[in-house]
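Undergrad: Build out the structure end to end from the sequences listed, making use of the hints.
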Amino acid sequence: MLPIEAEALSYAAGGVAILQDVSLRIEAGPPLLILGPNGAGKSVLLRLLHGLLRPGRGRITPEAPTRGAMVFQRPVLLRRSVGANIRYPLALAGLPWAERRRRAAAALEEVGLAALADRPARRLSGGEQQRLALARAAALAPPVLFLDEPCASLDPAATRAVEEIIAGIAARGTKIVMTTHDLGQARRLAGEVVFLHRGRVVEAGPARPFFNGPASAEAAAFLQGDLLW
Amino acid sequence: MDVQDLGSAFVAAMALVRHGDPDMLAILGLSLRVSLAALGIAALVGLPLGALLAVARFPGRRAVVVALNALMGLPPVVAGLMIYLLLSRSGPLGAWGLLFTPQAMVIAQAVLITPILAALSRQVLEALWEEYAETLRSFGAGPWRAVPTLLWDGRFALLTVLLAGFGRASAEVGAVILVGGNIEGATRTMTTAIALETSKGDLPLALALGLVLMVIVLGVNALAQLLRDAALRRAG
Ligand SMILES: Nc1ncnc2c1ncn2[C@@H]1O[C@H](COP(=O)(O)OP(=O)(O)O)[C@@H](O)[C@H]1O
Ligand SMILES: [Mg+2]
Chain G
1 MLPIEAEALS YAAGGVAILQ DVSLRIEAGP PLLILGPNGA GKSVLLRLLH GLLRPGRGRI
61 TPEAPTRGAM VFQRPVLLRR SVGANIRYPL ALAGLPWAER RRRAAAALEE VGLAALADRP
121 ARRLSGGEQQ RLALARAAAL APPVLFLDEP CASLDPAATR AVEEIIAGIA ARGTKIVMTT
181 HDLGQARRLA GEVVFLHRGR VVEAGPARPF FNGPASAEAA AFLQGDLLW
Chain B
1 MDVQDLGSAF VAAMALVRHG DPDMLAILGL SLRVSLAALG IAALVGLPLG ALLAVARFPG
61 RRAVVVALNA LMGLPPVVAG LMIYLLLSRS GPLGAWGLLF TPQAMVIAQA VLITPILAAL
121 SRQVLEALWE EYAETLRSFG AGPWRAVPTL LWDGRFALLT VLLAGFGRAS AEVGAVILVG
181 GNIEGATRTM TTAIALETSK GDLPLALALG LVLMVIVLGV NALAQLLRDA ALRRAG
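Note that the protein sequences, when read in sequence, are chains G and B.
FYI, this note's numbering numbers position 223 of the first sequence as 223, with every residue one higher than the one before it.
FYI, this note's numbering numbers position 95 of the second sequence as 95, with every residue one higher than the one before it.
Simulated from the structure, these hints should not be mistaken for laboratory data.
For each residue, glycine too, the CB sits at the ideal point set by N, CA and C.
Be careful, since some hints might not be right.
As the list claims (entries may be wrong) - Partner residues aside, some chain G positions facing chain B, computed with beta carbon under 8 Å:
#, residue
1, Pro65
2, Arg80
3, Trp97
Stated by the list, open to error - To spell it out: a stretch of chain G is covered by chain B in this simulated footprint if at least three of its residues, at any positions, have a beta carbon under 8 Å from a beta carbon of chain B; those stretches are:
#, stretch
4, 15-26
5, 66-75
TA: Below is the structure:
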């Protein structure tokens, strides 16, 4: 699956350009953070990369119905138990029954939800739901995992828990591609950064130089908290 | 017809129930068997049809949905008449010899409520599909694979749909009286018995049967809702 190569992507909805001429390369390695103000096009870009949207222009290789797995900004949990939520995509992936149970148990253990396996998923707290959504995607052992604001609306403790889980998934060799509006979190997790502004890539590269001294005025303003959209 | 009639109807109803009047029990049993069988058949056809319609996108889909919604209002007598013509000795299915049998009544009720189950489940499952579509696609499940998922995850809402179908089937008289013939000991149901007693002028007995029917239907509904609520609490 890796590297994923996006070349000159454009995407428009209702006659409005949302992404223009976006190129980027996703390679094995530490997490890639897609940063940018609200409405920059981060969620749309993740959907394009995962394969849920088709670009209007440009192309993404390898071509596939979907690439990797994704956790949405507002994850949809199935009206089933916690354990059944994890086993569902594993069944779709064609894994045998015993393997599904084994992976589900391991995934729930990893995110600290093993004791809640038989609970209805939709009754979990916000933080638990987010961890379940992560476990559900991670159990697929995808080569690349797209995470859209995985900690939006979580309190600091829940955010820390989710960050640790993400780091764990990355350490097992899954490439993380995620968005966040939390710059502290971006600094903690990022190995590389793509900075989007108004649907265009303004900067892309290793995280350390980006945070220490961004090359563009927009990124500098964004890191100061002065770039609102 | 006055308050006294109502009072004596109530007394008569109690007596029917207390003595376990065998004729009435037979009629009640047949009514329930026919309506449950019709519900089963209609569910096998109507629920998957509703689910398919909820996820499928094809030209003319809107028209199918409108037609299905219109079929919900199919007058029972008209449905009964059509099935009568099909099953009558000179009709295309006359050789089956089903006219004036309980099976004919099952067919009539199933035909009546299949559109109801399909239309209502389409509504319920379309909302669920809207919520699930992106997630299921992300897992690699297209619309076809989503059908069993939606049927399962929508099971609590679908129970309400089934109850609506059962209520309509068990309350129905126009179709079953045409294709069943209201034959004593063979095809007499609660509703056709009520119609008969009313036309004979035995209002207390008609009312008594009506009360029993109401209690049974309400009881089935209450039981189903209780089961649903209990299951919902456990499964979310
Ligand atoms: N399906 C859509 N139709 C129309 N506009 C959309 C659609 N999806 C997103 N947009 C618009 O595209 C822009 C980028 O959206 P998004 O990718 O969600 O931004 P963000 O960077 O905050 O995640 C926003 O202005 C949003 O309103
Ligand atoms: Mg977004």
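Undergrad: Please flag the earlier hints that this structure goes against, numbers listed from lowest up.
TA: Numbers 3, 4, in rising order.
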